[in-house]
Amino acid sequence: MIGRARLAFTLLIFGYAFLYLPIALVIIYSFNDSRLVTVWAGFSLRWWHTLFQNEAMLSAAWLSLRIAFVSACLSAILGLSAGYVLARVPRFFGRTLFGSLVIAPMVMPEVVMGISMLLLFVGSEQLLGGPERGFWTIVISHTTFSLAFVAIVVQARLADFDRSLEEAAMDLGATPWTTFMTVTLPLIAPALGSGWLLAFTLSLDDLIMTQFVAGAQSQTLPMRVYSSVRLGVDPQINVLATIVVAIAAAALVLSGWLTRRRA
Amino acid sequence: MNAPIVRIEGATKRFGAVVAVDNVDLEIARGELFALLGGSGCGKSTLLRLLAGLETPDSGRILIDGEDMTGVPPHRRPVNMMFQSYALFPHMDVAANVGYGLRRDGTPKSEIAARVAQVLALVRLEELGGRRPSQLSGGQRQRVALARALIKRPKILLLDEPLAALDRKLREGTRFELVRLQEQLGLTFIVVTHDQEEAMSMASRLAVMNAGRIVQTGAPHELYEQPASRFVADFIGIANILETGPGQWLALRPEKIALHAEPADAAHTMAGRIVDIAYEGGRSLYRVAVDEGRIMIASSANVLRTREGPFHRGQDVWLSWAADAGHPLRE
Amino acid sequence: MRAVIALPFAWLIVFFLLPFVLVLVIAFGTNSPDSVPPVELGLNFESFRLLFTDDLYLAAWISSLRIAATSTLCALLLGYPMAYAIARATPERQPLLLMLVVLPFWTSFLIRVYAWMGLLSENGILNQFLRWTGLVPHPGTILGTEWAIHLGIVYAYLPFMVLPLYATLEKLDWGLLEAAADLGAKPMAAFFTVTLPLSMPGVMAGCLLVFIPAVGEFVIPDLLGGTNTLMIGKVLWDEFFSNADWPLASAVAILLLILLVGPIAVFQRQQARSLERR
Numbered sequence: 001m002i003g004r005a006r007l008a009f010t011l012l013i014f015g016y017a018f019l020y021l022p023i024a025l026v027i028i029y030s031f032n033d034s035r036l037v038t039v040w041a042g043f044s045l046r047w048w049h050t051l052f053q054n055e056a057m058l059s060a061a062w063l064s065l066r067i068a069f070v071s072a073c074l075s076a077i078l079g080l081s082a083g084y085v086l087a088r089v090p091r092f093f094g095r096t097l098f099g100s101l102v103i104a105p106m107v108m109p110e111v112v113m114g115i116s117m118l119l120l121f122v123g124s125e126q127l128l129g130g131p132e133r134g135f136w137t138i139v140i141s142h143t144t145f146s147l148a149f150v151a152i153v154v155q156a157r158l159a160d161f162d163r164s165l166e167e168a169a170m171d172l173g174a175t176p177w178t179t180f181m182t183v184t185l186p187l188i189a190p191a192l193g194s195g196w197l198l199a200f201t202l203s204l205d206d207l208i209m210t211q212f213v214a215g216a217q218s219q220t221l222p223m224r225v226y227s228s229v230r231l232g233v234d235p236q237i238n239v240l241a242t243i244v245v246a247i248a249a250a251a252l253v254l255s256g257w258l259t260r261r262r263a
Numbered sequence: 001m002n003a004p005i006v007r008i009e010g011a012t013k014r015f016g017a018v019v020a021v022d023n024v025d026l027e028i029a030r031g032e033l034f035a036l037l038g039g040s041g042c043g044k045s046t047l048l049r050l051l052a053g054l055e056t057p058d059s060g061r062i063l064i065d066g067e068d069m070t071g072v073p074p075h076r077r078p079v080n081m082m083f084q085s086y087a088l089f090p091h092m093d094v095a096a097n098v099g100y101g102l103r104r105d106g107t108p109k110s111e112i113a114a115r116v117a118q119v120l121a122l123v124r125l126e127e128l129g130g131r132r133p134s135q136l137s138g139g140q141r142q143r144v145a146l147a148r149a150l151i152k153r154p155k156i157l158l159l160d161e162p163l164a165a166l167d168r169k170l171r172e173g174t175r176f177e178l179v180r181l182q183e184q185l186g187l188t189f190i191v192v193t194h195d196q197e198e199a200m201s202m203a204s205r206l207a208v209m210n211a212g213r214i215v216q217t218g219a220p221h222e223l224y225e226q227p228a229s230r231f232v233a234d235f236i237g238i239a240n241i242l243e244t245g246p247g248q249w250l251a252l253r254p255e256k257i258a259l260h261a262e263p264a265d266a267a268h269t270m271a272g273r274i275v276d277i278a279y280e281g282g283r284s285l286y287r288v289a290v291d292e293g294r295i296m297i298a299s300s301a302n303v304l305r306t307r308e309g310p311f312h313r314g315q316d317v318w319l320s321w322a323a324d325a326g327h328p329l330r331e
Numbered sequence: 001m002r003a004v005i006a007l008p009f010a011w012l013i014v015f016f017l018l019p020f021v022l023v024l025v026i027a028f029g030t031n032s033p034d035s036v037p038p039v040e041l042g043l044n045f046e047s048f049r050l051l052f053t054d055d056l057y058l059a060a061w062i063s064s065l066r067i068a069a070t071s072t073l074c075a076l077l078l079g080y081p082m083a084y085a086i087a088r089a090t091p092e093r094q095p096l097l098l099m100l101v102v103l104p105f106w107t108s109f110l111i112r113v114y115a116w117m118g119l120l121s122e123n124g125i126l127n128q129f130l131r132w133t134g135l136v137p138h139p140g141t142i143l144g145t146e147w148a149i150h151l152g153i154v155y156a157y158l159p160f161m162v163l164p165l166y167a168t169l170e171k172l173d174w175g176l177l178e179a180a181a182d183l184g185a186k187p188m189a190a191f192f193t194v195t196l197p198l199s200m201p202g203v204m205a206g207c208l209l210v211f212i213p214a215v216g217e218f219v220i221p222d223l224l225g226g227t228n229t230l231m232i233g234k235v236l237w238d239e240f241f242s243n244a245d246w247p248l249a250s251a252v253a254i255l256l257l258i259l260l261v262g263p264i265a266v267f268q269r270q271q272a273r274s275l276e277r278r
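Residue numbers (this note's numbering), protein chains in the order written: chain U, 1 to 263; chain S, 1 to 331; chain H, 1 to 278.
Next comes chain U alone, as it looks inside the complex (with noise of 0.2 Å):
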């Protein structure tokens, strides 16, 4: 048994080189004086400085955050009510279609939900002079996707809930609701955070649906890192990723300490 951990170990050693060696190389390069990722040229800042003033990359990452952050409060009331009748509502018309419904989003492939929405955009602007393709088509194609995420989480935080508490308050005197909002809320609270914070990110990388459903005029953050890639390597795209790496990093940290501060 002892054998069998340390081969395990020792493979899951070469996982983590095996996630982290291209993100450190990139890292890196984003410090080198040259426009290569094949030679090391000496440490430089410069290419911090062009990314800086790049007007097109920071007008794209405001509108990838902007975007990002309204889908993920979206997504956190939705994914919230779903999750909570996922977890509290045994039976009602349509659960199963409802339960298919809510989790189908997180294996789907991004380029059929993309052209289904593009497809919904289109024919609401036919039938309806529908929303103009640009920031809010893309918070509903973000959020009809994240939403999934937060109602698993929330699904999941629900099911090791202690129900006695939620009989107490309202043998107390509380109302359904109100024991939701003084009692329920505030212990699942953290699960909700940490939904939120996925939702947020999972937004701001988003590209395939965001492809298909943004408009002439918008173009988000991942959009402009596509069209540049495809050119080929870029050390400004390495900027913008060790940037991305520390506020993941960071978001991670804070979604751990928030799941693990069960009060």
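Take the hints with a grain of salt, since some may be wrong.
Pulled a few chain U residues facing chain H out of the computed Cβ check, cut under 10 Å [to be verified]: (1) Ile13; (2) Leu101; (3) Met117.
Derived from the structure by calculation, the hints contain no laboratory data.
Beta carbons are placed, not taken as given, at the ideal position from N, Cα and C, and that holds for glycine.
Position chains S and H relative to chain U; hints supplied.
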């Protein structure tokens, strides 16, 4: 004023194929400390939850202080419960926990603070208002749960296995405290427990439940000395069940049987041999093998401080008991 | 309560279910490049016929399934030992180890794939390493081949494999292995007869979480694969954006959905069952 404070009429509750509460009728008087006693799965907790409003009966009625509360949700009943797991809100401190019910009623903050302080003093936790539940011992948590349930001065206080999580010594002390509190406050307490010693020593009246039904209700003395069935006789304390005829039995308590080293002269006697002596400190239980391989259990107090009792294993003895020592049973 | 159910339900029906209906409708339409949108509604089976008969498309389907399957297998072979090692670590270390696996997932997917572009290019680090060690003096470029795609998929989806596996392994009663050993089972035998069968739910979940999205992957084949590596996600994208053939792209989407409905249903039942067991 003499109307019962609780009246349960024909209450039935099913969970799937299991009938947890089976057509139960019960009346509880104002100011009683009433106990629901039974083994696990007998339905006592379900019955309590029906009173609290945490479950709705499939049929029957629940009347509290004359009002039909059958469909009324828990937050609108004049009933409060002390949960078995205490169910203290982990994200609030003791004072906030205790004051929760009053906040829900919209009581002004100053009054809440005063009443919280008052009830914490009542359960002797005055200094601990600012602590979190995780920082308290088991006994302290139990008192917080009690305080939280008492503060609204409910018509009925329900206690679900209040002593189960406490250790032995604490249990005995808390038992007295609960009785004292109940008498002091004049509230009606309904206690659910599986521990018959607890039920007998605390309650002014109790009901024994089995398989969703109440098999006997009465004062502790009645249930002990006049059990209604073999089940009750056996459940409460130890009983020797002797068959006295077709469909007739006699319940005989061990302490009613005297042991003699020589043949005795009494209304009823029986010869046997001691197969085992269980020394319990204050008393000893003697397992005596009598005719046809039956075992009778007799007990006597260890009045003398001698190392060896008056009897030993393997000894031939005679048992005797008075004419009215046993109680006839038809079930 | 009804409002709480209705809110997400309505959202999902309007923004998830309804769009799929539209895709189906468009898939039966006719391509009309001059109108806006470039579709003429009707009942035209041409798109579907093309997808079933044309060699190119058939090859794309097959290679997508093949690549997704082999990538999933590779991810399992690497991910299982990783999850096992983490589950066997001391409880204090487990959160950190897990976080290290999950961190790449929280980093931009696109950027991680991009990172491999540099690594695998003609003069990238990998080739430099191979030349330097003398292992492979003239390595061809891995970038642009199917190997690169496999590498990319495993890399990108590894966390999705490790997490469900870890969740299942973490709940395992290690005493069972001790019992097996006590009864004479060698470590390998104990693994195959006790650990592996009991961790099957995790294996299933992990494989589905990798396979299903991998079949429709676009970014990885586009950036890491070459022009002769065909995956169906890329086909859909090209038909839609390059050829502006909406019905054909929709037909691809429908067929992809049909193909994946089975695995998706299995995944959903798995999820429901695992949460019920709590």
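Outcome of the hint check:
| no. | hint | result |
| --- | --- | --- |
| 1 | Ile13 | holds, 9 Å |
| 2 | Leu101 | holds, 4 Å |
| 3 | Met117 | holds, 5 Å |
Violated hints are absent here; each numbered hint is respected by the structure.
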